[in-house]
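Trainee: Listed below are the residues making up each chain.
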Amino acid sequence: MYADIYDKIKADSEFQTLVKERRAFSLKLSFIILALYFSFILTIAYAPSIFATPIFEGSVISLGIPVGIGLILIAFILTGVYVKRANHDFDATLNRLKEDVGVQHD
Amino acid sequence: MIKMLSLLLISSFLLADAFNEEVQKQSLNISAIVMFILFVGATLVITYWAAKRTSTAKDFYTAGGGISGFQNGLAIAGDYMSAASFLGISALVYANGYDGLIYSIGFLVGWPIILFMVAEKLRNLGKFTFADVASYRLSQKPIRILASFGAIATVTLYLIAQMVGSGKLIQLLFGLDYEVAVLLVGVLMILYVTFGGMLATTWVQIIKAVLLLSGASFMAFMVMKNMGFSFEALFAKAIEVHPKAEAIMAPGGLISDPVSAISLAIALMFGTAGLPHILMRFFTVSNAKEARKSVFYATGFIGYFYMLTFIIGFGAIVLVSTNPEYLEAGKALIGGNNMAAIHLSHAIGGDLFLGFISAVAFATILAVVSGLTLAGASAISHDLYANVFVSGKHDEKKEMKVSKIATIVLGLVTILLGIAFEEQNIAFMVGLAFAIAASANFPILFLSIYWSKLTTRGAFYGGSLGLLTAIILVILGPIVWVDILGNAQALFPYKYPALFSVSLAFVGIYLFSITDKSPRAKEEEAAFEHQFIRSETGIGSEGASKH
Chain P
2 MYADIYDKIK
12 ADSEFQTLVK
22 ERRAFSLKLS
32 FIILALYFSF
42 ILTIAYAPSI
52 FATPIFEGSV
62 ISLGIPVGIG
72 LILIAFILTG
82 VYVKRANHDF
92 DATLNRLKED
102 VGVQHD
Chain A
2 MIKMLSLLLI
12 SSFLLADAFN
22 EEVQKQSLNI
32 SAIVMFILFV
42 GATLVITYWA
52 AKRTSTAKDF
62 YTAGGGISGF
72 QNGLAIAGDY
82 MSAASFLGIS
92 ALVYANGYDG
102 LIYSIGFLVG
112 WPIILFMVAE
122 KLRNLGKFTF
132 ADVASYRLSQ
142 KPIRILASFG
152 AIATVTLYLI
162 AQMVGSGKLI
172 QLLFGLDYEV
182 AVLLVGVLMI
192 LYVTFGGMLA
202 TTWVQIIKAV
212 LLLSGASFMA
222 FMVMKNMGFS
232 FEALFAKAIE
242 VHPKAEAIMA
252 PGGLISDPVS
262 AISLAIALMF
272 GTAGLPHILM
282 RFFTVSNAKE
292 ARKSVFYATG
302 FIGYFYMLTF
312 IIGFGAIVLV
322 STNPEYLEAG
332 KALIGGNNMA
342 AIHLSHAIGG
352 DLFLGFISAV
362 AFATILAVVS
372 GLTLAGASAI
382 SHDLYANVFV
392 SGKHDEKKEM
402 KVSKIATIVL
412 GLVTILLGIA
422 FEEQNIAFMV
432 GLAFAIAASA
442 NFPILFLSIY
452 WSKLTTRGAF
462 YGGSLGLLTA
472 IILVILGPIV
482 WVDILGNAQA
492 LFPYKYPALF
502 SVSLAFVGIY
512 LFSITDKSPR
522 AKEEEAAFEH
532 QFIRSETGIG
542 SEGASKH
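So the sequences go chain by chain: P and A.
Residues 2 to 107 in my numbering are what the first sequence spells out, letter by letter.
Residues 2 to 548 in my numbering are what the second sequence spells out, letter by letter.
Read the hints as simulated data drawn from the structure, not as lab findings.
Heads up, some of the hints might be wrong.
Stated by the list, open to error - List of simulated lysine to aspartate or glutamate pairs, EDC-like, C-alpha gap at most 16 Å:
(1) P:K11 <-> A:E530
(2) P:K85 <-> P:E15
(3) P:K11 <-> P:E100
(4) P:K29 <-> P:D101
(5) P:K9 <-> A:E247
(6) P:K11 <-> P:D90
As the list claims (entries may be wrong) - Here are some of the chain P residues that sit facing chain A, going by a computed Cβ distance under 10 Å:
(7) Y3
(8) I6
(9) Y7
(10) K11
(11) S14
(12) F26
(13) L35
(14) L37
(15) Y38
(16) F41
(17) F52
(18) S63
(19) I75
(20) G81
To be verified - Taking CB as the label site, the calculated pair distances span:
(21) A:V414 <-> P:K85: 20 to 26 Å
(22) P:A48 <-> A:L469: 34 to 40 Å
(23) P:D13 <-> A:W50: 30 to 36 Å
(24) A:N324 <-> P:P67: 25 to 31 Å
(25) A:D484 <-> P:D13: 56 to 62 Å
(26) P:Q105 <-> A:K399: 31 to 37 Å
(27) A:V46 <-> P:K29: 26 to 32 Å
On a predicted model such as this, the values are computed, not experimentally measured, just so you know.
For glycine and all other residues, C-beta sits at the position ideal for the given N, C-alpha and C.
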């Protein structure tokens with residue numbers, strides 16, 4: 002029953018742009034977190050001694066700890082960055098598109 | 002129902018008395034019992050309240066779709082902050098130091114990927130289970146059968162891990178027999194799920210998440226207070242007293258070779274995106290916007306929790322391993338390493354706080370097993386019964402009845418398996434559940450959302466290949482083949498099969514799809530366009546039901 006609406010939306014160039022932008026954005030963020038995480042895990046596999054070095058001369062805290070905690074923080078920040086843009090910019094465009102084709106939005 | 006439960010509780014306390022003679026060390030902790038009874042009482046009130054609001058299948062599976070993003074974020078975090086995480090990861094930190102953090106990070110980084118790739122699409126396409134999405138434009142029967150097997154296998158393994166944790170914990174706390182403890186958890190969870198459905202399961206999870214986060218925050222705060230709020234002092238003292246000395250500050254034995262490292266990483270990242278009880282939570286919110294918010298809050302809570310468990314593990318090294326009160330005649334912890342966090346709660350807050358943390362840990366187990374059981378039961382009633390056996394021509398009342406029977410059967414099976422797997426390390430059991438979720442559930446789900454050329458044949462054979470490979474490699478690997486079956490040498494050398502099984506699943510799905518020249522394959526490809534627009538816009542997706 003939505004077939005007509007789907008076809009109408011598809012023809013809209015603004016929809017095409019939205020999809021492209023959103024995809025590029027989520028791919029970029031995914032790449033960042035994957036690259037960081039795999040660098041982390043491969044460092045552990047190949048050169049664990051890097052993470053064993055102290056953060057400064059005489060400290061017992063090893064480099065691995067701030068790196069690990071930092072990774073947790075980055076994961077959280079990236080989700081915030083995505084949600085902010087998706088829930089404001091992308092959804093505003095989407096709601097305008099939905100109005101154009103006569104679909105209720107939230 | 003309430004009468005039945007109080008009978009059960011009373012009889013279990015009588016049993017505790019009976020066991021007291023044998024387990025003298027575990028004297029009855031009155032504050033723990035009082036707090037435990039308060040929690041169970043409160044959750045039963047919630048279950049009663051939820052039962053009155055659970056009349057349709059939509060209520061039962063998704064709480065009517067009316068949970069907010071923040072509430073759902075807490076509930077998801079609650080599902081993730083299981084007893085296996087809390088006790089298992091703090092135990093890992095206690096035993097190996099830094100390795101515990103590596104494990105937690107692996108568990109966390111799956112969340113951004115879920116948000117960027119899966120969450121909103123899932124919400125826009127599905128109704129009750131992730132199989133709804135996987136089978137959206139494919140042939141219902143084969144895909145539902147495969148997806149539900151993947152779901153049930155994942156849920157069962159995860160349940161075993163939770164049950165083992167619960168048995169050990171209650172054994173230590175109440176001096177109850179392991180089997181009786183497992184039975185108690187099993188019966189309570191059956192009550193929550195059969196009567197209160199997703200609404201009760203979600204609120205039990207939210208309350209527990211708040212309690213656990215507060216308790217863990219207090220523990221970490223007290224540890225730091227003890228150390229004059231200096232990490233330098235905490236780590237220095239830990240190195241001084243730990244048998245592995247400086248080695249606890251660096252990566253150690255958890256990841257010994259690159260294949261294991263990548264394999265574990267894949268299992269944890271993609272496994273999270275294939276856990277049926279987590280995926281199901283995205284259908285409890287009203288739209289994609291709330292689904293995204295859920296992940297943001299969940300990631301924050303989970304990340305914060307893992308930082309706390311790291312401090313708690315080190316706190317236990319400093320404050321528990323040095324205190325003979327918590328040690329056996331040798332040097333081992335009373336109750337095993339998994340009890341590190343529990344002993345720490347006593348070391349910093351006495352009997353009262355031990356009681357609180359024990360009650361919270363028990364609440365955690367109840368909440369998590371309830372969510373798992375609901376997901377398993379949904380796979381049986383919604384995917385297998387409603388869409389395979391009677392293929393759409395069912396009535397809703399009957400489907401709900403089936404889901405309740407499935408809940409009870411699943412509960413009983415879990416109790417038996419919980420007893421059978423008593424001696425295994427619970428953190429590794431969860432790792433195995435992730436391998437299957439990553440190898441069967443995730444590839445089908447992911448490709449059904451993004452790849453137009455995916456066909457039923459490809460999804461079924463490729464997905465089966467992933468599922469079977471994961472299960473077989475786990476059986477032939479060191480954990481089952483050597484540790485459980487007692488063979489000298491593992492036939493498959495790695496603990497984590499995900500690297501092999503996930504790759505095989507993707508390759509299998511690809512090859513079986515592109516070589517599928519059937520007319521059905523063409524229709525499935527043609528149907529992708531509308532599915533794609535719905536996944537991007539949410540037009541046509543399930544809204545919240547108005548009560």
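Trainee: Look at each hint and say if it fits the structure.
Mentor: Evaluated hints:
| no. | hint | result |
| --- | --- | --- |
| 1 | P:K11 <-> A:E530 | holds, 9 Å |
| 2 | P:K85 <-> P:E15 | violated, 20 Å |
| 3 | P:K11 <-> P:E100 | holds, 14 Å |
| 4 | P:K29 <-> P:D101 | violated, 30 Å |
| 5 | P:K9 <-> A:E247 | violated, 65 Å |
| 6 | P:K11 <-> P:D90 | violated, 19 Å |
| 7 | Y3 | holds, 4 Å |
| 8 | I6 | holds, 6 Å |
| 9 | Y7 | holds, 4 Å |
| 10 | K11 | holds, 6 Å |
| 11 | S14 | violated, 14 Å |
| 12 | F26 | holds, 8 Å |
| 13 | L35 | holds, 7 Å |
| 14 | L37 | holds, 8 Å |
| 15 | Y38 | holds, 5 Å |
| 16 | F41 | holds, 7 Å |
| 17 | F52 | holds, 6 Å |
| 18 | S63 | holds, 4 Å |
| 19 | I75 | holds, 9 Å |
| 20 | G81 | holds, 6 Å |
| 21 | A:V414 <-> P:K85: 20 to 26 Å | violated, 44 Å |
| 22 | P:A48 <-> A:L469: 34 to 40 Å | holds, 36 Å |
| 23 | P:D13 <-> A:W50: 30 to 36 Å | violated, 45 Å |
| 24 | A:N324 <-> P:P67: 25 to 31 Å | holds, 30 Å |
| 25 | A:D484 <-> P:D13: 56 to 62 Å | holds, 58 Å |
| 26 | P:Q105 <-> A:K399: 31 to 37 Å | holds, 33 Å |
| 27 | A:V46 <-> P:K29: 26 to 32 Å | violated, 47 Å |
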